[in-house]
Amino acid sequence: MAFLALQGGGVRAFASDAGVLAGLACAANKSVAELAGAFEATSSVSGSSWFAAELFYSPSFAELMAGMAASPSTAAAQFQENWIQPWLRATQVSQPTFDGLQSIVRLLVRLLLGTGDEDTIFIAQFFLASGLTWTHFVEVLLNSTAAIPKQLPLGAEPTMAQGRHWLVDHSLLLPVANPAAVYRGGLGLFRTSYSATTKNGELPVFLPAKFSVALGAGVHRAAPLPYLAQPQLPIEFSYQGHWPLGGSSSSSGPLVLDAANGSLGVWSGHVPVSAAAAASSAVFGAEPVDGLPAVELASLLKADVAVWAAIDGFEVADQLRAALAHPDAQKVAVLGQEAVHALIDGGYTDGTGIAQAVASGAEEVVVVLNSYSSNLAEYVAQLFPGGPVTKPGVPKELYPVFSAPSAAAVDEAFAQFRQLQIAEGSSYLKVLAVGSFEATTAKNAYFGTEEGRQVSIRIINVCSELSIGFFANFGHYSALVQEVALSLAHPKNRAELRTVLPWFAGKAAKASKALVV
0 MAFLALQGGG
10 VRAFASDAGV
20 LAGLACAANK
30 SVAELAGAFE
40 ATSSVSGSSW
50 FAAELFYSPS
60 FAELMAGMAA
70 SPSTAAAQFQ
80 ENWIQPWLRA
90 TQVSQPTFDG
100 LQSIVRLLVR
110 LLLGTGDEDT
120 IFIAQFFLAS
130 GLTWTHFVEV
140 LLNSTAAIPK
150 QLPLGAEPTM
160 AQGRHWLVDH
170 SLLLPVANPA
180 AVYRGGLGLF
190 RTSYSATTKN
200 GELPVFLPAK
210 FSVALGAGVH
220 RAAPLPYLAQ
230 PQLPIEFSYQ
240 GHWPLGGSSS
250 SSGPLVLDAA
260 NGSLGVWSGH
270 VPVSAAAAAS
280 SAVFGAEPVD
290 GLPAVELASL
300 LKADVAVWAA
310 IDGFEVADQL
320 RAALAHPDAQ
330 KVAVLGQEAV
340 HALIDGGYTD
350 GTGIAQAVAS
360 GAEEVVVVLN
370 SYSSNLAEYV
380 AQLFPGGPVT
390 KPGVPKELYP
400 VFSAPSAAAV
410 DEAFAQFRQL
420 QIAEGSSYLK
430 VLAVGSFEAT
440 TAKNAYFGTE
450 EGRQVSIRII
460 NVCSELSIGF
470 FANFGHYSAL
480 VQEVALSLAH
490 PKNRAELRTV
500 LPWFAGKAAK
510 ASKALVV
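0 is the number of the first residue of the sequence shown in numbering that gives the first Met the number 0; add one for each residue after it.
Just so you know, the hints here were simulated from the structure itself, not pulled from any lab data. Where a beta carbon is used, it is the ideal one built from N, C-alpha and C, also for glycine. Heads up, some of the hints might be wrong.
Said to hold, decoys possible - Derived Cβ-Cβ restraints for the label pairs, each shown as a range:
(1) S372 <-> T498: 23 to 33 Å
(2) T498 <-> T73: 21 to 31 Å
(3) A76 <-> S250: 50 to 60 Å
(4) P58 <-> H219: 15 to 25 Å
(5) N199 <-> A494: 47 to 57 Å
(6) N28 <-> S250: 27 to 37 Å
To be verified - Listed below are the simulated DSBU-like cross-link pairs for lysine-lysine, each with C-alpha atoms no more than 30 Å apart in a straight line:
(7) K429 <-> K29
(8) K198 <-> K29
(9) K390 <-> K198
(10) K390 <-> K330
(11) K429 <-> K491
(12) K395 <-> K330
Construct the entire structure; sequences and hints are all you get.
This is the structure we're talking about:
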């Protein structure tokens, strides 16, 4: 069995994933459910965690995927009607909800950016007008497009891939050098921050983490995999509150397993699907440590761009933070008792999903990437010796995950990938590249890889002229789904797919030795 790794990338990632699975199902004459079940585990990041959540838990989305696989030539219309439009209606971008100047704003955006781009403006305005929490934003997205309830737990019965594993990759925010804002009132008059330490060495500011679940195992089944690569590493959070007439401090004491003594990572079946997907996709989540201007702006807007966790759950964390608008010593003390801390986008550690898949025992990883316009290797090359750091602030010490080949050799391998025939009439899909190479793991304490294991990396790279979702005409993503699905289903591409994906032709892939529930 192979692992599936789905790279993050917002709405572009979602559309790319949908097009790839629909196109492969059509080309292989398999159902989407059969295809999803062909992978022992799925490792997803950010927007791809939205996709995985809907694929695994939503009957209506499964029906949409089946429809697009059966008729790739109508995939754009199906995706637009059943995914894009419900989302836009839920965010009320087509109604004068926010102010009387909407028509003028829409006209200006059309003139400056193009027709359709105004949808992004009003989705952003929905975010601003609906509580400014990333968690709520993701809850609305999953509910409006796939009818996933807010409190649906990871341990719930899945729509497909029963018994397979889902790794919801994200990052633990550990402010080790500069404290991070837990709450900051206007002008900083009321502020509370937290910092992280350990007695067992140094911590990176972003630490790889994952919720893991055996699909359908139930809410009371322990997670099949450790939440952190070093579950016994003690992490301690310290809190400092300041207000005009006083201040107070508290500490969580040493925490192990998941920085919450197991309540989140070990018993992940209780975690809401929407909260896990929100943590995986909190793309602006590093804002609390981005410096005074960013923190002050967030406090004025009362924005909440990270996902906040506590020993007793996400809602408790949100309640405790809201109470800090009128802080006192007892409220700061409870922060320590509950170990309140931030979870952020998996892209701050590994945006491809490869590292967590390999650390979980994969010997073969099929990777769906989504790139801008060209077949570049940088996000994969980051995991190899000499690789670039792809996101500002990401600690260099997190890498490499592999000892060989070099990042330069990975770049060369990408340059040799075969480019599939693009469906006639495609406007946004520019390159659809497939290829593979062999890699050798390095010992990496942060992800938990051991030295010397051989891994096959098989890549499908969807390269389009679309952003991850900023200032975009959302109808273009519907077109991208169809262009990808039609291209993969094209008869001339089947021989190439069999070469890169042995399981596509019915050959059994090597099984993992690590995933035992």
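**Study point:** Hint check, failures only
**Key:** Numbers 6, 8, 10 and 12 - these are the hints that the structure violates, sorted from lowest upward.
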